[in-house]
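Trainee: The chain contents come next:
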Amino acid sequence: MNDTNTDHMTGAEIIIKALHDQGVEHIFGYPGGAVLPIYDEIFKQDWLHHILVRHEQGAAHAAEGYARSTGKCGVLLVTSGPGATNAVTGLTDALMDSIPLVCITGQVPTHLIGSDAFQECDTVGITRPCTKHNYLVKSVDDLAEIMHEAFYIATSGRPGPVVIDIPKDIQFAPGSYMSPEKISKASYQPPKKGDLNGIREAAELIASAKKPVFYTGGGVVNAGPVASKLLREFVGLTGYPITSTLMGLGAFPASDDQWLGMLGMHGTYEANMSMHDCDVMINIGARFDDRITGRLDAFSPHSKKIHIDIDPSSINKTVHVDVPIVGDVAHVLEDLIRIWKETACSPDKTALAEWWQEIEAWRQVNSLGFEQSGSIIKPQYAVQRLYELSKDKDVYISTEVGQHQMWAAQHFHFEEPNRWMTSGGLGTMGYGLPAAIGTQIAHPEALVIDIAGEASVLMNMQEMSTAVQYNLPVKIFILNNEYMGMVRQWQQLLHGGRYSHSYSEALPDFVKLAEAYGATGIRATNPDELDEAITQMINTPGPVIFDCVVSKDENCFPMIPSGKAHNEMILAGEPADVEVSEEGKALV
Amino acid sequence: MMNDQSIEAHTLSVLVENAAGVLARVIGLFSGRGYNIESLTVAEVDGEAHMSRITIVTSGSPMVIEQIKAQLSRIVPVSRVTDLTVEAEAIEREMALVKVTGTGEKRVEALRVSESFRARVVDTTHESFVFELTGAKTKIDAFVQLMRPLGLKEVSRTGIAAIARGPEAM
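The listed protein sequences correspond, in order, to chains A and B. Quick note on numbering: my numbering labels position 268 of the first sequence as 1436, and the sequence is numbered without any gaps. Quick note on numbering: my numbering labels position 88 of the second sequence as 121, and the sequence is numbered without any gaps.
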């Protein structure tokens, strides 16, 4: 790349050089008329690996999986019109989960914009609410700067997706290049360090707690491995219990004694009860999502709340907090630990012991317990066996969305961050397979498993072709109950058992489907054959679809029904006819 | 204060890079998140630096107003957000062009009212006036109200422009 004359380059060459200078090695994409000049440049070089997906939504989720498993920016390239609109779900997903993406979209030539040209759409208009920022490039002279700025914005502060819409004439136009070093943007100043007075106040409050709980989220993972390390150190220093959102799993090791499991709608009894009864809540990089809080006016009524978040708009959005700290989690934790040590903060040991006793009693409820008996595989058992048989490998897990996702979060345990790729905020069915593909691209030697439901996985099943084309050994572990399980569960609990259109009448034979794609299909229907089948899946070199036939009517418990508080959970085995208020039914 | 549910109006000044689509981002934020816009004005205020100033009058509970400010600040080309209602004693002005038609006593009365409001006549025919009036929103409301029985035809208002008193800039 160094011998390129940077004064006389085409727009397409500028794009490729900018990707090079941003350290991009992989790009997920799908060609089309409005990006042909860029594809021509991709053809002419050998350092940028392009992964041809089968649908642009797949490109976006694959880039997300790549980003989440590496901490790097995911990059995708799609054409104008339908290429861009197909990517919208993935962009929205990345915005909701704060995943850094740069999405390059082709656009019709400048002089045709606004004329309803073939494959024209208002990409910046459509993607404005589903990106952190977006650009329509109007002059080739702006192109290099916009490319670099896009990466800076996507990856700094609270990360998110950035779209660059590039008309085809700009891709051909001659222009000059600028290097990324000098990128700064006066109007965009993401916070880093937290306010020290706030951190001191937080340290005092944490030290004075009698019933504390750490409530951590995806912000810890986004702040990089050092944040997870610091979190472990600080939680260890305090001896306090810790729970995490779906997004934050892995930042703290699940094997640790202080770990309470995930909290929220399908979180553990001990995590939710601790949140409800605590006197000091330490929110680190989480955003009081409705899946976490349950009924807001009954959310943790007696606690003082500390909230560390890089995004000022997350502070006091739905829950009022007493000590807000705006900053990068890693920086704030570093300062917090330093101040904690300097001021020799020490928790009230007696109170803490009593608190742990209470928690221990909640743990005894064994809210994730289930009984595997008979000849039908329980989905929880399947995830548990998958965990036991794969935990010693270099394993990454993605999921689709629904019951299987919650069972995966409950029964697969994570020791490290960046190992867990799941669609949290948007809840995108069809996320898991392309995300697994992106993860596998980043970690070719690793064991990448998509824990899937049979309904979700069909939403992006076409990406099996991608997996086969690039010989990506992703394992698609389908918990097949023939239902959209979570929909069925809500219909059972909230709609009188009227299972309106939640049963899949005509599922494919997943083993034959795998074979049709040129992959391997495995089926297990009996608990006795499960271990051997899973082992066979793990040992199969290429991509595998595993059809794990499970009980059809299993519900995911524990559960905080909508409109209820943390201390109103329903547990497995309790009467399932929950009384939910009309107000609660209207919630999602 | 944060649990206070009382709805109050706030005037926000938003300094933005004058880039394509920035107004759409601001408006999209309000419509997308269900916030109110009671008035919105925008114009370039620094041609060399390509900066525009958007003045928004919005309303909500204290928690919602804080959220609106935080969300506005999050927009990449937004460089500063000031809540003139909270942070400074502010001057708020609006300009209106008001067309009134009529003859005889009503026409004379319209002119008399306009004088007491210090409105200027910027266009006149034998049966019409266009008045230009600047002032606080309530003053313009009152003027329009008075003109209604006197042959009010149409009104064009700028929305509110606002600036803090004293030597400090936002």
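Any given hint could turn out to be false.
Claimed, not checked - No farther apart than 25 Å at their CA atoms in a straight line, the calculated lysine to any residue pairs in the SDA-like style are these:
hint	chain 1	residue 1	chain 2	residue 2
1	A	K1472	A	K1509
2	A	K1472	B	P95
3	A	K1353	B	T115
4	B	K102	B	E187
What the hints assert, rightly or not - Listed below are several chain A residues computed to face chain B (Cβ distance under 7 Å; list not exhaustive):
hint	residue
5	S1355
6	P1358
7	P1359
8	K1360
9	N1484
No lab work stands behind these hints, which were simulated from the structure alone. The beta carbon of each residue, even a glycine, is placed where N, CA and C say it ideally should be.
Trainee: State the violated hints by number, sorted upward, taking the hints as numbered earlier in the document.
Mentor: The structure conflicts with hints 4, 6, 7 and 8, although it agrees with all the remaining ones.
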